[in-house]
Amino acid sequence: MLKYRGNIRDQWVDFKYWGLNWLAILGLVATNPYRVVVSLFKYPWIYDLLKTNNLVKRYNEGRSGTALLLSNLNVHRVVQGVVRSLKNIVHGTKDTVLANCMVPTEIYQAMDLKYFMTELPAALLPMEDQHTCDKYMDLIENNGLPGDTCSYPRITAGVFAAGEIPRDVKVLISNNLPCEAGMASYGYYEDNLNVPAYRLDIPYNFKDEDALDLFVEDMRGMIAFLEKHTGHRMDWDRLREILTRYNRMNELELERWEMAASGTPPLANENIWITHFWNYNIDPGNSESSAWYEETHKIIRKAYERKEPALKDLRFRAVLWNPPTFAYAHFWNWLERCWGIACLNDMESFGHFEDMFIDTSTNGTMLKGLARKWCNATMARHTRGPMENYLPDLWHMYEKFNADFILVAGHIGCRSSSAMTGVMKEQAQKKGIPFCIFDYELMDSRVCSHQGIRDQISNFMFNVMKAKPLDESLLVIDDDSEW
Amino acid sequence: MVMKKLKEMEFFEGLLDSPRNPLVDEALSQGRTAVGCNCYLVPEPLLSMGGAFPVRLRAPGAGSTELATHYLSPFICSYARSILENALDGAYDFLGGLVFASSCTHITRCGQHFDQLDIHAGREGFFTHFLDTPRKLYEPGFAFMAKDLRRAAQKMAQSCGMDAGDEALSEAIRRHNAFNALLRRLSDLRKEEHPRITGTEFHTVMVASKTAPKDMLLGPLKKLVAAAEKREGIKDFRARVMVVGSIFDNPRFTELIEEQGGLVVADRYCFGSLPGLEEIGEEGDPYESLARHYLTTCECPRMMEKLKDREGSLKRWAGEFRADGIIFETMKFCDLWGYEAVSGVPKLRDSGMPVVRIEREYAFVGEGQLRTRVQAFIELIEGKRLAKALAG
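As you go down the protein sequences, you meet chains A and U in turn.
Quick note: the first sequence uses my numbering, first residue 1, plus one each step.
Quick note: the second sequence uses my numbering, first residue 484, plus one each step.
Same shape as in the complex, but just chain A:
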């Protein structure tokens, strides 16, 4: 049930998006009720996506005004995108491209291909319900996968092992992102799917021009492969439209960051990272993403001009490094309400996007721009390649957003970032930057519970920042068995 928010305007926003989310979901059912029912048996994880409005509730506890509206818009945008993805499997998968989450999806769009991201269940389910993926992780561990590998590909492999990822697809496309575990997991899928596969190889030193050219060649190979196996042709004009939209989004994204860096940041926390994660990485360049960016930008701009901060009681400005807590999706809300912390940017979002505008003048420049964009995708630009990719951006982000401290989400399954811990600590100490590394497991809250995460942050706030909580009753919450 929707709780009364204290004023009619907020209540209306809550109700409106609650209804719109349900409408979007029912819209999927309406396309073909029979196929949807069959899909619910084939892919039972779809049930868990019905918990979305509860997730919105958890995100928005105590929020009002622009922050509440943005959060609702944010989740609704994701719901629309997920529904579109689900259509690509619900209505049959024989023409669907099964793809890794970090392959340039702009190419599928330009080729008018149906695609489904293998990692979609893993990316969404732990946010909906922290324990819903436990069974998948247990299953794949029982099949021999070490329990210490990153839970993102581990859940995906578990869903695959359970037979809940479509197998009768047209082709499989993957690459070596976001990490080695993700890359290796595709060997397992490829081995068990009897379909043609193409693997993109993102070079190690992707800032080198030769390496970038190599990746462009590889992308050309992927396009030729897709044309051969799907019968669809590459539509370069459509690609130009998509990339033009992306360029506009990029422009808006940079403006949003400028506003977030101000004294009264109108957006913070998941309103920054989920936006970027979804619209840049999962579902980039399409007209929905673009329209959403334009719409929310106006709202953010107005709040900025009114000097309305994202948090009613903003006490601390922070930036978050390493991947955010998927299995504790509403962690941000606790930061806000318990300590008045606003995370103004994070590793998933931050990068040198001022250099990422794509020249759409020729097919070659478009591919080169796309190559640069995807080499710099989330988890690729920082956790891969030379060490210099990792730390300078963190210090730059800290300064740019005038942060009081850095929160480092120490995901124990992330080899690449955990191997930087020592140098990061030393450099932060040398620079006199307060920082808190909290250990956790990205998508497995059995390794570190929600309370375990909260305790680590509270200890830091008490002992290093010498702060007092805004609301002491939130220091310890019994939510181990909640969604």
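Derived from the structure by calculation, the hints contain no laboratory data.
Misleading hints may appear alongside valid ones.
[Said to hold, decoys possible] Calculated lysine to any residue pairs in the SDA-like style (CA-CA distance at most 25 angstroms, straight line): (1) A:K3 - A:N32; (2) A:K430 - A:G452; (3) A:K430 - U:E491; (4) U:K630 - A:L212; (5) U:K705 - U:G744; (6) A:K368 - U:K706; (7) A:K135 - U:K830; (8) A:K368 - U:K630; (9) U:K674 - U:A626; (10) U:K630 - A:G221; (11) A:K87 - A:G65; (12) U:K630 - A:S458; (13) A:K368 - A:E241; (14) U:K706 - U:D671; (15) U:K619 - A:S458; (16) A:K368 - U:K619; (17) U:K791 - A:L73; (18) A:K57 - A:M234; (19) A:K430 - U:L600.
Note that the structure is predicted; figures quoted are calculated from it, not measured.
Put chain U on the given structure of chain A with help from the hints.
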């Protein structure tokens, strides 16, 4: 298993106790340059031009990795941590340069710390190069890697004042091939019904050949091969096994397996010979030849598209070396081999091959547990053999 020890083995055994072994010392005293490397994908002939010679990084006697764990965290494999710990202790101070391959996250991050922590500070002319090694086989990738190998060679040439031209590399490839031809003779003895060399002995020779100048090993190796070829075959083993996995540079592990009666006849692991002893093409552009050879023969799960080929290779080698079973050893925290096992182990078992999966640390620890598991595995192979005989 009782086998009279070959006196020629003592020489090789003496090279394994420290990265700076007596042959390395001798070469250094002649003014030669030792170049450290971390992976099969750093081509040995590249580092063998002029007076240079490759030293594959090892951490013999690795123990606590306290400092390295501070830098790399406890979630990085213990090989990478042991190497960094050794480096911080100055164990590789004799090196004149390092060529690393971006082979896996653990090794890459470990290598990056050499520069970051300025481990080679004050050593004049020291050079490092990170090879951007492709993960798939395609023509642009071969050309890209060849270009990268040239860059590494140029750095070496500037640092060591040597010739890195095509002819110098071709000569290094010829010498490498000649050395490997000799090693192959030794390796082939393992294929016989009664192998004339133990797995421990062969493992020792392989590790020595990757950590000491090959030209200085040539004489002792010839003597060893001659002695082994005259030797009686081993008859009192209980099962022939193949060891498959990642970094495995301590022959003490192999010895433990053989103490249980499992004769190690095939070695598909880093520091092993499968792959490693194939002839490198001597025609055409030598840099391209190296790139093509190493990418094509690499059997590491880092190569994205070769899973089915790797499964085929394992079955082929198991047949060639008449292995009765496979010990699939993976290093803790290794994602690549973790996923490889999920795909590969069931397939091998389905083909009728007994397989045991062992997760281990780099250092020789957990001996009792390991012994028990190997013992049980050998019994399983014997049990299967007996059941087959009774059924047949």
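Hint-by-hint comparison with the structure:
1. A:K3 - A:N32: Violated, at roughly 33 angstroms.
2. A:K430 - A:G452: 28 angstroms, violated
3. A:K430 - U:E491: 55 angstroms, violated
4. U:K630 - A:L212: Since the Cα atoms of U:K630 and A:L212 sit roughly 14 angstroms apart, the hinted pair holds (cutoff 25 angstroms).
5. U:K705 - U:G744: Given that 25 angstroms is the threshold and the Cα spacing comes to 28 angstroms, the pair is violated.
6. A:K368 - U:K706: 57 angstroms, violated
7. A:K135 - U:K830: 24 angstroms, holds
8. A:K368 - U:K630: Holds: A:K368 and U:K630 sit about 20 angstroms apart, inside 25 angstroms.
9. U:K674 - U:A626: 36 angstroms, violated
10. U:K630 - A:G221: 21 angstroms, holds
11. A:K87 - A:G65: 33 angstroms, violated
12. U:K630 - A:S458: 52 angstroms, violated
13. A:K368 - A:E241: This hinted pair holds, its Cα atoms lying about 16 angstroms apart.
14. U:K706 - U:D671: Measuring from Cα to Cα gives roughly 16 angstroms; hence the hint holds.
15. U:K619 - A:S458: 46 angstroms, violated
16. A:K368 - U:K619: 20 angstroms, holds
17. U:K791 - A:L73: Violated, at roughly 45 angstroms.
18. A:K57 - A:M234: 42 angstroms, violated
19. A:K430 - U:L600: Between A:K430 and U:L600 the Cα gap is close to 14 angstroms, so the pair holds against 25 angstroms.
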